[in-house]
Amino acid sequence: MCSVEINRAGDDGDRLDMSLRGKLVRGEVKAVMERMLREIHSSSNLKHVTVNISSLEWIDTAGVALLVLFCQRIRAMGGTFRLVKPNEKVLKVFKLAQVEGFLSIEDGNDRA
Amino acid sequence: MTEPDRELIRVRGLNSFYGRKQVLRDLSFSVEANRIFVIMGMSGCGKSTLLKHLVGLKPSPPGSIYIEGKDISGWNHAQWNNYWLRIGILFQNGALFNSMTVAQNIALPLMVHTNLPKEIIEIMVEMKLHMVGLSGTGALMPSQLSGGMRKRAGLARALSMDPEILFVDEPSSGLDPITAAGLDELLLSLKETFGMTLVVVTHELESAFRIGDQMVVMDQGRIIAYGTPEEIRQMNDPRVQQFLSRRPDEEHRDYDSYISRLCKVKRR
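Those protein sequence lines, which keep their order, are chains A and B.
Under the working numbering, think of the first position of the first sequence as 5, with each following residue one higher.
Under the working numbering, think of the first position of the second sequence as 28, with each following residue one higher.
Read the hints as simulated data drawn from the structure, not as lab findings.
No false leads were slipped in.
Straight-line alpha carbon distances no greater than 30 Å define the calculated BS3-like cross-link-like pairs of lysine-lysine that follow:
hint, chain 1, residue 1, chain 2, residue 2
1, A, 51, A, 96
2, B, 218, A, 34
3, B, 145, A, 96
Please model the complete structure; the sequences and the hints are all you need to start from.
Right under this line is the structure:
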């Protein structure tokens with residue numbers, strides 16, 4: 005099971021903070037993808053997206069592919085994408101897929 | 028991820044035949060979860076046949092193979108399907124579909140068995156190709172690949188569903204030493220990252236000792252050694268030592284029968 009929490013922030017709602025919780029695996033990806041993409045498509049002035057995965061216990065390569073797709077879409081819209089606080093196990097999967105640089109992974113979630 | 032140290036596969040007294048010819052004789056061993064189990068032995072000793080039994084491509088006698096404690100000989104169609112969705116298989120020749128591109132071959136299990144959107148599958152295919160060192164080859168047909176590349180494409184397909192258990196038949200054969208070492212690293216990373224269990228058939232000694240947690244050495248359908256790499260190295264069995272030191276058989280060239288066969292050739 006993977007749940008998604010979404011918070012709009014920023015002066016004019018240009019910031020989106022998402023949290024993923026649970027396991028982002030093959031059987032969950034379609035539903036999570038629809039939820040995440042619906043959120044970014046419903047906003048015309050989205051500039052900064054942060055996805056907090058500190059409560060994400062596990063991810064498989066389908067989950068990684070979803071984050072790659074999401075990151076691509078946001079950057080294509082001219083926005084910035086940050087992925088913060090992966091646990092050690094999840095980070096290993098990003099490293100095996102060699103996407104940790106592309107996904108702009110950060111340890112902390114404090115934003116200046 | 029599977030729980031480490033748990034017995035995943037148990038083989039007890041497995042015998043196997045092709046017609047009347049017995050190819051496996053009383054095999055017994057266990058494969059623990061999150062380990063690399065290596066099956067070694069000379070060509071024709073029954074390694075690939077054993078693998079066929081473990082993946083269900085050859086029926087097994089009752090009471091001889093258990094997966095997670097369940098005797099596979101009594102499995103129904105649904106149980107086999109469930110098992111096949113949890114495992115990945117790399118066959119000796121890669122076994123790609125020649126009428127499909129490399130990318131289509133890798134995407135096929137995901138298209139058939141999951142509800143994943145097309146764009147997710149395309150990203151996963153690129154990821155798996157990159158993992159096996161074949162980035163940028165997705166549009167090629169299998170006939171355009173070398174033998175070693177076909178094998179790696181086959182591995183990418185075996186990995187497409189993130190299997191819990193990966194069965195690999197001769198992963199390094201046909202590969203140059205650098206690519207083979209890279210493949211060993213990948214197998215170790217899969218175990219470490221995904222908690223994957225791997226059953227690897229090989230006769231490449233260096234690779235076997237590099238990646239194996241447990242191993243068996245087979246000879247003429249029998250297990251002649253079973254243990255950790257260190258235990259295998261220390262075994263005094265002459266046949267095991269001959270295999271490990273790569274000494275050729277001296278007695279296998281039956282000179283008298285060779286001459287007798289030569290003399291039977293009729294003159295034209």
